[in-house]
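Participant: As given, the protein sequences belong to chains A and B, one line each in that order. According to this note's numbering, the residues represented by the first sequence are 1 to 290, in order. According to this note's numbering, the residues represented by the second sequence are 291 to 652, in order.
In short, the hints are calculated from the structure, not lab data. Please note: incorrect hints may appear among the correct ones.
Covered stretches of chain A, as calculated for chain B (at least 3 residues, CB under 8 Å) [to be verified]: (1) 74-88; (2) 145-151; (3) 210-222; (4) 239-252.
This structure is a prediction, so every number in the text was calculated from the model and none was measured. Where a beta carbon is used, it is the ideal one built from N, C-alpha and C, also for glycine.
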Amino acid sequence: MQLKNEHKLQNRIRALTDGAATGLAVLSTILVVAPLVAIFIYLIYKGASSLNLDFFTQIPKPVGESGGGMANAIVGSGVLLGLASLIGVPLGIGGGIYLAEFGRGTKLANAVRFTADVLNGVPSIVMGMAVLAMVVHPEGHFSALSGGVALGIMMIPTVCRTSEEMLLMVPNAVREAALALGVPNWRSVLAITVRTASPGIITGCMLAFARVAGETAPLIFTAFGNSNWSTSLNEPIAALPLQIYVYAISPYDDWHRLAWAGALVLIVLIVLAVSLVRYVTSRGVLKGAS
Amino acid sequence: MVNAKVPEIHISQVQFQPEPQAADGQLPAVAVEASPIRRFLLSRGNSAIADRGFHVLMVLCAFSIFGIVVLIAYELMTLSKLAWGTFGLDFFYKAFVDTYSNQPLYWDPVNSHFSALPFIYGTLVSSFLALLLAVPLAIGVAVFLTEMCPRVLRGPLAFITELLAAIPSVIYGLWAVFVLVPLLREHLNPWLIKLLGWTGFFSDDNPTGLGFVAAGVILAIMILPIISSLTREVMTAVPHSQREAVLALGATRWEMIRMGVLRNARIGIVGAIILGLGRALGETMAVTMVIGNSPEIHRSLLANGSTMASVIANEYAEASSNLHLSALTELGLALFIVTIVVNAFARLLVWAVTRGAPSATH
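The following block holds chain A by itself, in its conformation from the complex:
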């Protein structure tokens, strides 16, 4: 009788533990979702109230004057990201092609893959320091060029790894068919394999793009920021995240409002890119290929 009771008690405890664990898991999920929701609501609330046409058409006004916008920072970000893509996308895709087409299973490919993953985890500020020594010091001044180089270097590992994954999804039959028709290998890779995987590769590039679009740390001492119009590659250039940072730590309410508006613009761009990526990858881009 006593044994039976003990058994019952034990089962009760086990059921309770199970319930508690489930509760804790649900609770932690709620706790994780909460800050995201909080950030978004506050961002939209603050940003939308300070966003107007001036924000997109005017350059920053000096302290004390109200109004002004971030037109130069938006254009500057565009210049920097264009430059970064010029460096990061070809090198990254090339690396991805090597990993997927030529180096499958070799030790060298494994080393490249591993290094790319590790490089992905190196803090962005360290990249900025290296670019400062590489580009800014020889030139003698901060420049848009150095900012673009820093961001481009950061794009390479992401683009490389996603391109590789997308290329690996292309069925081997497609490659064999091309080669059987007597197409040289390089054309088969570029015109058949890469073409087939191109939606996936493009989304990978956009993912890397979205990542570096919000990078601030390496720009502090490469692109440096500029409160006037500038599109020259040889001069300091303004960038949206950099401007947000400068305005956020300033003591002026007007600038805080501009920082919120800038943050809203930046996050909308990034969320659009990420949702697009998610949409395309979840629909199975490469279904038509098999």
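The hints should help you fit chain B onto chain A, whose structure is shown.
Facilitator: Frame of chain A; chain B shown alone:
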């Protein structure tokens, strides 16, 4: 039987020979001048050269990744030589002691006293706080998403945690400065001081709300997605038969998760945590905006501090002297080496678990 095989090999060898011959001797082939198909094939040039060229080009692209790592290391080393020559290893564990006030002077660019101590301390404390807060939550989310979540919710929730990873650091910083820090200042900090003030870790001498706790909380929010998504990946890599076996013995769901899943995935989870640590160590902008930026060591977690990344972000563009620049670069080099080691170790752990298993597709 043996005799039957020998001629077969012989035939295949004979068949192989014509091909290299045709490739070697192109002249006789042209001289024969046969069908339009052959002319077409030859008019496209020698694809062997193009193929070789393409291969080399792609290898060069892949090598650019090694090149970047080497270049970063080289540039940082040359730039930090001056500080290394001046301070040596003392830079990392000794501080200059002011003879008048008998107080340690850690970081004084004007008088060229540089020591990495307060920054190493700040980096370790803020990262440790972040891990303390993030790890249980991240594992909870991963458990919920892989084992308990109804199928309808799984997609959106995974998307939301991914979205957390996509928000730029500077926006986290902005939110932290205007929402999180006031919240901590008004509500959490007084409560911490009252409840745990006796430990000395929470003292009441910093009214701003900035400091290690603020940095730790924002860092925790930022490293949560990477830990939880990798934990999810290693948990889905655990074979279903493990779960079924534990359930068949009459285990409850939690017992199944604990014995069947978490125990098998533990190495990968440790890897995910270390990867999160790597992120936390190098995170710059959000931390710079909320940690208060003072190069001092305080016992109180509510005091202002500074991390290796934050001091670089604050001072690198306006370094006052070559030695100052060099000392900052040495901090950067240390950060580079530490994050590379931490990341490599973590990748190896995660790789050891997920290798051979089907990749997580949600």
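Participant: For the segment 239-252 of chain A, does the count of residues with a C-beta closer than 8 Å to a C-beta of chain B reach 3?
Facilitator: Since three or more residues must qualify, the claim that chain B covers the segment 239-252 of chain A holds, with 5 doing so at under 8 Å.
Participant: Establish whether the coverage given for the segment 145-151 of chain A by chain B is satisfied; the threshold is a Cβ-Cβ distance below 8 Å, and no fewer than three residues must meet it.
Facilitator: Violated - the segment 145-151 of chain A has 0 residues with a Cβ nearer than 8 Å to chain B, which falls short of three.
Participant: Taking 8 Å as the Cβ threshold, is the statement that the segment 74-88 of chain A is covered by chain B upheld or broken by the three-residue rule?
Facilitator: violated (count 0)
Participant: Checking C-beta pairs, does the segment 210-222 of chain A have three or more residues closer than 8 Å to chain B?
Facilitator: Result for this restraint: holds, n = 9.
When held up to the earlier numbered hints, the structure conflicts with 1 and 2 and fits the remainder.
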